[in-house]
Amino acid sequence: MTERSTLLSLSRRRLLITTSVAATALLVATTGFASAQSADGNGGEITFLIDSLGDTWIPNNSAISSFQGHIWGHVTDKLLYVDADGKVSPWIAEKWEQNDTATEFTLHLKSGVTFSDGTPLDAAAVVANLDIWYAGRKSDGINPIGLFPKTYDHAEAIDAATVKVLFKKPTLGFIPTLGYHGSILISPKTLAQPAAQQADLSKTSGSGPYVVDSWKEGDFVKLVKRKDYNWGPAAVGHTGPAFLDTITYKLVSEPSLRVAAVQSGQADVAYNASPQELESLKAEGFTTATPRYLGFVNGWAINTKLTPYNDVKVRQALQAGINRQEIIDTVYTPDWKLATSFIQSNVPGATDQSDLLAYNPEKAEKLLDEAGWTKGADGIRTKNGEPLVLTLHSNPYLATSKSVDELIAQQLGKIGWKVAIRAYDVVTFGQKVKYGGPAVPAYEVTRSFIDAGTVASILTNANNGENWFALDESDKTLNELRDKIASAGSTESRKPLLDELQKYILDQGYFIPRTQIVQRIYVQSSKLKGEVYNGVAYASYYTATKSE
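Note that the working numbering gives residue 42 to position 59 of the sequence shown, counting from 1, and the numbers run on in steps of one.
Hints listed in this document are in silico derivations from the structure and should not be mistaken for laboratory results.
Where hints are given, some of them may not hold.
Calculated cross-link-like contacts (lysine to aspartate or glutamate; reagent style EDC-like; alpha-carbon spacing at most 20 Å) [unchecked claim]:
| hint | residue 1 | residue 2 |
| --- | --- | --- |
| 1 | K478 | D83 |
| 2 | K199 | D38 |
| 3 | K397 | E353 |
| 4 | K417 | E449 |
| 5 | K486 | D294 |
| 6 | K133 | D455 |
| 7 | K147 | D105 |
Could you build all of it, start to finish, from the sequences and the hints given here?
Set out below in structure tokens:
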């Protein structure tokens, strides 16, 4: 296996360029989005070709989508800014304090900030956002933000520029979570609208450097800059209005057409190109970026309720039976990194657990032998007449997922597994594939988060957690680590607990890492410079310029 079947090889792509460029030029130009540029690097328009724009624009419901997040990052602001290394710095909140037990936080807001509908972004507006991030409005079809702390009690507007936030229990991760891409600030007028009206992107008011000029469902979103914007995050080196006049996100489903349009100058950015094309595109002078987001690596959450994955030796054999370096060498490029834990290595608090992830097929064979799984003449192991089966459901949000599954199937097949692969579209995947589902022994996880302290409760069912491994409350060690991490009042006291948590989960085979995740791949014109990639790997063109 070399690459996913839907991606064109380099030689085939070059043969197609002469024909696909003409088609893409027509596609871009006929919608009025021809690329424009400015001689001095200020002003100008860019076109960003993307493979999907998601299925809803209700802010709370779409805020964590891989696709809508690009638009929200330009139309809205956040209380705090989190960079690619997990560093937290001021944005709309200029400063903050917390008490010794991390149960009370005080946010001090910038003055003069407004939403695009003219409403002030003051303490009352922040309280309205915090409340809906926590609770949503489920009766109206508006969801809470999944990673917002479930220990939230309430928030109070002390005065127009001061917000006090209170939690039922210590919540050290609250501050960094304010920079999560789901924590977008929306005008209270928008939040008060019914879900059907919130789904109309043109009626959504944020405080960001751009506003929606026009849009068409399943086709495009065109943004124009706010000339009065003057409150960007200092961390990106600019606080005034954006330099680019417009950004247009245009849906083009075929990856070869997206790349060809950038090569021909008909578009400026192509999203989610084939990893195998990146080296040749760099050689041609195009800018490529493969930012890693803060969050989980790409891997499997194992359903411990299903036989044989209720046996720790089988899970440990699975951990040892995967050649992760071969995945990078075959499916990806050196831009991808080996997993060293189940948390990305750029997350503050992540520790190097590489020894637990070493490829050791002899160890895997021995563990399966000890667990009673005997290899037959056909190479498949059986126990009590049943074959050793693993069904994988390739993640449709990650273009290379099926290719990785196919390679791992070959690796595990040599040890004695019979691996089946199922591939669904996004809608069907959401309907059929669930954590701990009766037919899902390994759920592929690809998710960002900002603060490692949120991880422990996600993995279990405490505080309405997601119970990734179907353990309920059965693992006392995991539960104790979860509770100690949750109650930690400082990052210093939490750090050794996070290290212990990572060791334990990997040693138990609860989580099977594959690679560190690069979910967002960018190819762009060399004329476009100055973009910034934040902690969840979204490209912001707020600071970007374009020249001839």
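Consistency of the hints with the structure:
no.: 1; hint: K478 <-> D83; in the structure: holds, 17 Å
no.: 2; hint: K199 <-> D38; in the structure: holds, 12 Å
no.: 3; hint: K397 <-> E353; in the structure: holds, 17 Å
no.: 4; hint: K417 <-> E449; in the structure: holds, 10 Å
no.: 5; hint: K486 <-> D294; in the structure: holds, 18 Å
no.: 6; hint: K133 <-> D455; in the structure: holds, 18 Å
no.: 7; hint: K147 <-> D105; in the structure: holds, 13 Å
Comparing the model with each earlier hint shows no violations; every hint is respected.
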